[in-house]
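K.L.:
The chain contents come next:
Protein chains: 2
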Amino acid sequence: MTSLQKPPGPAELQAERQRATFPVRQMTYYLDGGEKQTKLKERIMLQFERDPVWQVSDQHDLTLQEIRERSMAKVRRAAYHVANEPMHVFKQRMELISVLDPGTWTRIGVHYGLFFGALRGGATPEQFSYWAQKGAVTLNGMVGCFAMTELGHGSNVSGLETTATYDETSDEFVIHTPSLTATKWWIGGAAQTATHSVVFAQLYVKGKCYGVKNFVVPLRDPETFELKPGIVIGDIGAKMGRHGTDNGYIQFTHVRIPRSYMLMKHTKVNRNGDVKEPPLQQLTYGALIQGRVAMVVDSGAIAKKALTIAIRYAAIRRQFGLKAGEPETKILDYVIHQYRLMPLLAQAFAMHFTGIEVSRMYEELMDSMETLQPGDKELNDVLEKLKEMHGTSAGLKAFSTWSTLNIIDQCRQACGGHGYSAYTGLASLYSDFAVHCTWEGDNTILTLQGGRYLISCYREAKAGKSQAGGVAYLNNLDKLLNKRCSAKSAEEVSTLEVVEEAFWLVAAQVVKKAGEDFEAGVKRGLREDESYEECSQARLFATKIHSLGYLFHRFKGAIQRSPAELQPILNKLCRLYGLYAIAENSGPFLQYGYFTPLQVDWIRATVTSLCKDVRNDAISLTDSFNYSDFMLNSPLGRADGTAYEAYFGMVQKAHKAGAVPAYFQKEIYPLLHRKLEADDVLELDEEDE
Amino acid sequence: MTSLQKPPGPAELQAERQRATFPVRQMTYYLDGGEKQTKLKERIMLQFERDPVWQVSDQHDLTLQEIRERSMAKVRRAAYHVANEPMHVFKQRMELISVLDPGTWTRIGVHYGLFFGALRGGATPEQFSYWAQKGAVTLNGMVGCFAMTELGHGSNVSGLETTATYDETSDEFVIHTPSLTATKWWIGGAAQTATHSVVFAQLYVKGKCYGVKNFVVPLRDPETFELKPGIVIGDIGAKMGRHGTDNGYIQFTHVRIPRSYMLMKHTKVNRNGDVKEPPLQQLTYGALIQGRVAMVVDSGAIAKKALTIAIRYAAIRRQFGLKAGEPETKILDYVIHQYRLMPLLAQAFAMHFTGIEVSRMYEELMDSMETLQPGDKELNDVLEKLKEMHGTSAGLKAFSTWSTLNIIDQCRQACGGHGYSAYTGLASLYSDFAVHCTWEGDNTILTLQGGRYLISCYREAKAGKSQAGGVAYLNNLDKLLNKRCSAKSAEEVSTLEVVEEAFWLVAAQVVKKAGEDFEAGVKRGLREDESYEECSQARLFATKIHSLGYLFHRFKGAIQRSPAELQPILNKLCRLYGLYAIAENSGPFLQYGYFTPLQVDWIRATVTSLCKDVRNDAISLTDSFNYSDFMLNSPLGRADGTAYEAYFGMVQKAHKAGAVPAYFQKEIYPLLHRKLEADDVLELDEEDE
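One line per chain: the protein sequences are X and P, in this order.
Residue numbers for the first sequence, in the UniProt record's numbering: 1 to 689.
Residue numbers for the second sequence, in the UniProt record's numbering: 1 to 689.
Watch out, some of these pointers could steer you wrong.
For identical chains, the list gives no copy identity; a pair is met inside one copy or between any two copies.
Stated by the list, open to error - Calculated cross-link-like contacts (lysine-lysine; reagent style DSS-like; alpha-carbon spacing at most 27 Å):
#, residue 1, residue 2
1, Lys483, Lys465
2, Lys465, Lys656
3, Lys653, Lys228
4, Lys265, Lys387
5, Lys387, Lys206
6, Lys228, Lys675
7, Lys513, Lys675
8, Lys387, Lys675
Just so you know, these hints were derived from the structure itself, not from any lab.
Hey, can you work out the whole structure from these sequences and the hints?
P.N.:
See the structure below:
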């Protein structure tokens, strides 16, 4: 339709980019952690774009089996890269794979994250090299999966039913599925990929149960892919998203494995059936945290993708006119559209910086745990940090994944009808991401864990034990809780310092409330676990406010470390993040008296004006996320603004215009050409009843 | 696995049903509007269940084309029923089709709701009988679609680009798509179903534009299904949900239709090109409201489906134990799980009763409009009611569909991992429902319309004009706004009367705030539309609180009309709905001083205790919704509690266990058996850059 009037788009984005108040490329470097990292990301993105294996533009019209076949080809690519590039490059590659193709990310992650992680965390050095030689590093010979959850058991690992019984006569373990609900379920890679599995099972030796341990169980013959005797695996089939990953179920019927296939870094069973349990059980928790940290990072990355699409489209799309006779208004110029998207953009920055910070803390912690031995003088310090990491990451995983799920949905809705098309990418982004709220610990359960941790910190602080890190605000509570915001204007109420103090105070109040509820329960005669249960809602609420504040404090810290030319815009975004969070949750901020009603009105007004302000940089901020068009895979998000042409082109390419449906003769013709007399009245008339 | 221990389930639900505190069957009758209506619903559900055409249990493994073919067969069934049953029976059938198969509901609705609705609303009596004879009632000869939205235009109908130019020489209209963005887009039924379309186009006569009018345009030859000359239709293909509906795009290139194909009930064009415009433009708005009302009703119906699944599963699933050595705890017994689901159950009742009430009001209004003529003495009264209906339905559509989308997602998350399986039904329920937040008016835009209406009511009330219906609380504001809750205990604060007054007062406050912001803008010299734009956020907020309260007031009214034996449980649910809404939005209730911080703490505690109380009736309440297992199509929601067996059975049936993937030789074997020496290091090392 070249002779027709061109759709809006390219000129709009060009004009938007003129408005930038900060150096975009510098922002990219800062977000990525330096120019070198940015260039690495760009090189990997270019590889994806040029490699036919990574093609994604037609994925919405593939069948499940076609998607899985393609995803297997990508697993092969990943195996190649693992063997040929440094770990930090592979890690960066994986982060980008999650943005490009979450289903494949999971399929690769099942082996390299879960199976391989279980070996690293649970195998003795000898066991580790044994499996490495079998192909656990290169996939040359074996691919692993991770059989933890069962049909009847998800979050509660200690309640798993699968058994591993030591048979002294043959020096073997017998792995068995004792009931339908014990069927291993949701096992990624089990249906079509894995030759081996790490299996979580209750260890029984001489009739005694030692709790859940890990066992490597061969599943299939790598030559024929036939199942080993005693093993039944079925495909779990269609799911909401992550179609590239083949989840399956596994039933074991008295399957025998050598004793040496139990991972024995921690608990050991010797030939005589003597069981030796590890001195430091807590150190095995580290692996749990890794997944949570990865999901905080992923939340930021996916939020940035969704926002790039929705904000670029909002700068192109015009709808309704404020003044008769003039062109319609760009939807990004509407107050309400700014309010829909700008606070979420600020939230994405908060999650991004928090992800970086939490990853750093996690890696430091793992390094210090690596060499730790019982009796070391650093032990207590490391255990304290582990406890903080465990408690904090629980709440952060929950609220980051919830936030991003909400961001994706808001972005989809902000694109109007076109957000509902598969080709614009937000629908699958949502369905792929949604599982983050459930796996690696159901979000709600995690908030309760987080709340339990906060209550214990509160009680320690009250007993005089100084708290460090993200809960240091619980020290000197008496002084903190008396503070009130003294701001006399909208300007004064919306500084970083006021927001910071507001979050400290209100987080302290809600944690204190949860702690008091807990203590009151104990005083009434409840057991501790009963009392924790009773104050569940208070725990959830405490974790929510604590986590919102935690993100704010990380964001504020990231501004202080940033180049001077980025500070003004980051400052605006950080204030917007914090003030919006307060406006949306104004209840506790009023209830505990930190702000007056008038101050809350000022805050609301400031959120609106910050939205208008940030809007000027909106396109440049999405540019700074630096995702290529190929990575975004959404015509609405195209960097050159040709949204409508690209969208129309995709739809045209996918479906030949004017096609007569294959079922025309069977289903449509008879409808249009039927004789009405043939329609006898068979319907009962309810009047006759 | 018959020899193994049986999974939990049947006994659990049996025990739950013993706990009912109300007569379940009576509740069903009350919800349905009487025993007769319940029996009609049951008859229709049984027909679906027995008719192979309506089979849905295998739908998650079908391709898009297979789903569409099946859905076409269902359209044929619907056409049969239209011709053979009374309208109220067909209406009931359609409500149930929406619960069973939303994609097919839309495909049928495109003709019978949109196309046929446009004829009824826009055709002269002669035109109406002409199209009826062509098959518009029976689909014997034609099927219609509704071409309103364009690639570049959704919400803003008056900005549509398609033109209909009167050619006096031939007495024809020329329908034309002047640009890419003018392409009709998202047109349900266009891709594979429709022979005709109602087309929205700018009417041009003698060079003058008269705005958007409706034209019937033949699209395809009913004999061959070939496109008519000048018409290009393409398939829009994959979308987030509603796969049964075939959305397409349409481009018209100078397509000629007889003058009589313009719908001329309102605006008329005669042979000479004289245009006669209608005296009462507002009366054409009625059709817009119908869709909104249908979506309020659908929100209740779908929420009940999601909740039945999640709550029944919560009564079966056990996870973690509170006491060592005892069986794990039923998840419905956890405080937090009650808090996740019970308030949503209460919300579903509120939406259900509001849907009934708003439908009734809508039908009464339409009846009175049917015969209305300019100059009638009832005219002003009807126009007032139309204005209220228009304003109120906007906010209700937005907040009901948002609420239900949230309910579905919460229910999915509450089912843990199994919520992510396609077979458990919540994933597709979400993707199918999501479009309700966008079509028939984007929710955010609708809240602004609602806010505009509330501001105008506020200003009228202030000027002394008494307000009726749902905005009557705006009369005597001075007296209302001084009220404060005087409750001295948790019990006193949580009565229906307190909640009612709280919503009146706080709704009045936020409406007043929006009105004052608007007036301040005008005082500053803004035009009215500019000032409305500036106070967008306040308008949205006002509509939110008003709508939450509106639902509460309808629910309270429904209790008063209910049988005495249902009142205790309905009373609890209504209080739970209202108090939860206050707890979740405590900000404005504190900000405007209706409640004190202590009272808000009491409210939170009451919500928790009401959740525990309602939990006793939870299964019976889902039973009262009376959806058959077939309608629910989710193993987790089975009425007999055999969730695990049914789920495992579905998965087993869909996928043969032990199958070797078709791509084993192509993609897996080469990975497992490759020679590592062949992996040359081709990867650039970034250290060299």
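K.L.:
Now tell me, hint by hint, if it's right for this structure.
P.N.:
Here's how the hints hold up against the structure:
no., hint, verdict
1, Lys483 to Lys465, "within (22 Å within a copy, 46 Å between copies)"
2, Lys465 to Lys656, "neither (71 Å within a copy, 59 Å between copies)"
3, Lys653 to Lys228, "between (45 Å within a copy, 22 Å between copies)"
4, Lys265 to Lys387, "within (22 Å within a copy, 73 Å between copies)"
5, Lys387 to Lys206, "neither (34 Å within a copy, 79 Å between copies)"
6, Lys228 to Lys675, "between (60 Å within a copy, 25 Å between copies)"
7, Lys513 to Lys675, "neither (73 Å within a copy, 62 Å between copies)"
8, Lys387 to Lys675, "neither (76 Å within a copy, 45 Å between copies)"
In the structure shown, a violation is registered for the earlier hints numbered 2, 5, 7, 8, in ascending order.
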